[in-house]
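Place chain E on chain G using the hints.
In order, the protein sequences belong to chains G and E. Position one of the first sequence corresponds to residue 1 (this note's numbering), numbered consecutively onward. Position one of the second sequence corresponds to residue 1 (this note's numbering), numbered consecutively onward.
Everything labelled a hint here was simulated from the structure, so no lab data went into it. Source: prediction; values computed, not measured. Take the hints with a grain of salt, since some may be wrong.
[Stated by the list, open to error] The calculated SDA-like cross-link candidates involving lysine to any residue, where the alpha carbons are at most 20 Å apart (straight line), are:
hint, chain 1, residue 1, chain 2, residue 2
1, E, 42, G, 10
2, E, 49, G, 31
3, G, 70, G, 10
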Amino acid sequence: DGGITQSPKYLFRKEGQNVTLSCEQNLNHDAMYWYRQDPGQGLRLIYYSQIVNDFQKGDIAEGYSVSREKKESFPLTVTSAQKNPTAFYLCASMTDGAEPNYGYTFGSGTRLTVV
Amino acid sequence: AQSVTQLDSHVSVSEGTPVLLRCNYSSSYSPSLFWYVQHPNKGLQLLLKYTSAATLVKGINGFEAEFKKSETSFHLTKPSAHMSDAAEYFCVVSAAGGTSYGKLTFGQGTILTVHP
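So that you can see chain G by itself, here it is in the shape it has in the complex (with noise of 0.2 Å):
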């Protein structure tokens, strides 16, 4: 079956670590996502990419990077520049933007917490 895979399910991370959130499809689609989700804030947008190679800052950019080397694969990095990472991160992709209203599929997330 199609769909978005997110692993780990769940991370912690020390203070002043990097670590790599990972984000995979195999559903063809060209646009891929990351989002935050903290209680009560519903979800902000971090990163997108809507081809490969290319990619671009959403409301929340600072303290994370990424990259888009292939189709299927959208990793997040949380960087030591990250003051508050601790929440609920989500992956999603979209088909081609020619039809933005068809329907984004979402990952079933990855907790990170700091320790």
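Chain E in isolation, oriented as in the chain G frame:
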């Protein structure tokens, strides 16, 4: 620019009674609108979407929503709540043009509690 306001952070209903989750939006472009549901520690599942066709949209699990352009609203309803409907619901708008193409803007979420 686009934004979404979910008017209630929490809604509590009894099983078998109607559900109403309210959502207002603003968008500089012709919007696409969605409702998603999220169960604890899970990803988001699409309930329904408005795609500039019929203004009354039917989704999964008996939910429906009506797009009212004059009121800039997209409220979610269900005639009879089930215990399994207890979850958090998000109203979402997607820009249909400009540099924000395809970006989603989420409401703050409404937590639905269903009592036996």
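Handout entry: Holds or violated: residue 42 of chain E to residue 10 of chain G, with C-alpha atoms at most 20 Å apart
Key = holds (12 Å)
Handout entry: Agreement of residue 49 of chain E and residue 31 of chain G with the hint, judged by alpha carbon distance not exceeding 20 Å
Key = Answer holds: residue 49 of chain E to residue 31 of chain G is near 18 Å, not above 20 Å.
Exercise for the section: Below or equal to 20 Å on CA atoms is what counts here, so check residue 70 of chain G against residue 10 of chain G. Expected result: Violated, because 24 Å separates the two Cα atoms, which is more than 20 Å.
This entry does not satisfy hint 3, going by the numbered hints stated previously; all others are met.
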